[in-house]
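Chains as they are written, first to last, in my numbering: chain E, 1 to 80; chain G, 1 to 250; chain F, 1 to 120.
Among the clues, some could well be false.
Unchecked claim - As a list, the in silico PhoX-like pairs of lysine-lysine whose alpha-carbon atoms are at most 25 Å apart: (1) K129/G to K167/G; (2) K175/G to K129/G; (3) K175/G to K102/F; (4) K125/G to K172/G; (5) K102/F to K172/G; (6) K125/G to K167/G.
What the hints assert, rightly or not - Rough simulated footprint, nothing fancy, chain F against chain E, three-plus residues with beta-carbon under 8 Å: (7) 34-40; (8) 47-53.
Derived from the structure by calculation, the hints contain no laboratory data.
Built from N, CA and C at the ideal position, the CB exists for glycine as well.
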Amino acid sequence: MMILSYLLILLMIIGALAAVLFENLLNSIISLGLISLIAAALMFILKAPDVAMTEAIIGAGLTTSIFIFTLIKINRGDSQ
Amino acid sequence: MRFRDYLSLFLVIILGFIIFQAFDGTIDNGLNIKQFGEVNLSERTSIHYINKDVNNESTQIIYNESKNPESGSANYVTSIIANYRALDTLGEITVLFIAAAGLAFVLGDHNKNNAFASDASFIVKIGVKILFPLLFLLGIYIIIHGHLTPGGGFQGGAVIATAILLKFLAYKDYKLNHTGLTILESFAGISFLIIGLIGLYTDGSFLTNFLANGTIGTLFSAGVIPIIYILIGIKVGAELSGIISNLINA
Amino acid sequence: MAFLNQWAYIGGSIILILIGLFGVLTRRNLIKIVVSIGIMDTGVNLLLVSLGYINGGLAPILTATNPTNNLNFVDPLPQALVLTAIVIGVAILALALSIVIKIYENNNTLQIDEIRGLKL
Chain E
1 MMILSYLLIL LMIIGALAAV LFENLLNSII SLGLISLIAA ALMFILKAPD VAMTEAIIGA
61 GLTTSIFIFT LIKINRGDSQ
Chain G
1 MRFRDYLSLF LVIILGFIIF QAFDGTIDNG LNIKQFGEVN LSERTSIHYI NKDVNNESTQ
61 IIYNESKNPE SGSANYVTSI IANYRALDTL GEITVLFIAA AGLAFVLGDH NKNNAFASDA
121 SFIVKIGVKI LFPLLFLLGI YIIIHGHLTP GGGFQGGAVI ATAILLKFLA YKDYKLNHTG
181 LTILESFAGI SFLIIGLIGL YTDGSFLTNF LANGTIGTLF SAGVIPIIYI LIGIKVGAEL
241 SGIISNLINA
Chain F
1 MAFLNQWAYI GGSIILILIG LFGVLTRRNL IKIVVSIGIM DTGVNLLLVS LGYINGGLAP
61 ILTATNPTNN LNFVDPLPQA LVLTAIVIGV AILALALSIV IKIYENNNTL QIDEIRGLKL
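So here's chain E without its partners, still in its complex pose (with noise of 0.2 Å):
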């Protein structure tokens, strides 16, 4: 269990590293879902549950989303 904690933080500190060293925006907001499900996780062994569901819910769904959306809006900007 320890074990697995420590490689998920460190895959934890990549996924921010990746998400703001990134040129592709898409990229970097992939990378931020991935942050907060790890997050989420890792709440989880820090017996913590009520936390985890949140930052599931809000961290990994519904920000990412937001992002997605934001995204849609500039690119179709673009192209009119």
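Dock chains G and F against the given chain E, drawing on the hints supplied.
Quick look at chains G and F alone, frame taken from chain E:
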């Protein structure tokens, strides 16, 4: 990378060094932060929340047996959010309301165009038709059982907003009734305030628990906590759905 | 291993906050800046929750298997604060993104050094 980037990297590393010093539990830096996992709960305020003895009435709490404890929720996080620190929660949902109102103000309520050019495929539409009532039901379940299991108004409201997001993804012409949303939201906020004022009138302090607590661990227990959490669930669900609807139809 | 035990969660979340701060300071694209703010948000939440953890602690809920208040529960107070902070966070991000949409409609660009009035 330009000079400015290297300067930012340097500043961030210096700041990180300072923050790491602050959270080092092995040295005495005057902040009294313990090492990870070695917190002594009896030195913290939370021990009173766990023993339910904020008013100095120390009793043993036993699941499914104790009657009328100080705060009747089996989930300690819920008892902090909706009872001990309910005033904080009132402030938080006010911030949420202001953010949602600011978004509607910035984007404008024109409903001028949809985000998607066409409906989703047949399979997605049928899937959403099956999933939508189930997700809505799951949200209501999470809200109602907030004082017994993990979950509550914030999580359940977010699940309901996700169900509505699925509708938006499947049908390009799906519209929410914004007037209805506003009425629901205002009803929830005003009822929250009225419950607080009733507590002020009967027991002398704002948002205090004025109903009987019942046996800890049963569905009809915990006094005003389930009522407050249902109101929070309505408010969070309406506001997050409004945010999604405004962003899609901007 | 003892070093990892002590620093994995706290250090990891502080590194997450610092990566987000670096992104806010150096990125040129407005959406990338909002993504960096989201990373900082997640880092702060994880840091607060990990400050309340107790070795071998139980999730702070009374159930049929953990029936009394004398057991070794983790600290519920940071969890309650983080729970509301996450919901506020998504509303703030949505507000920021709506402002980004309006800026794009007015200036037709997302690069902050091409926006009129923000040029250094």
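Please name the hints from earlier in the document that this structure breaks, with their numbers sorted from lowest to highest.
none
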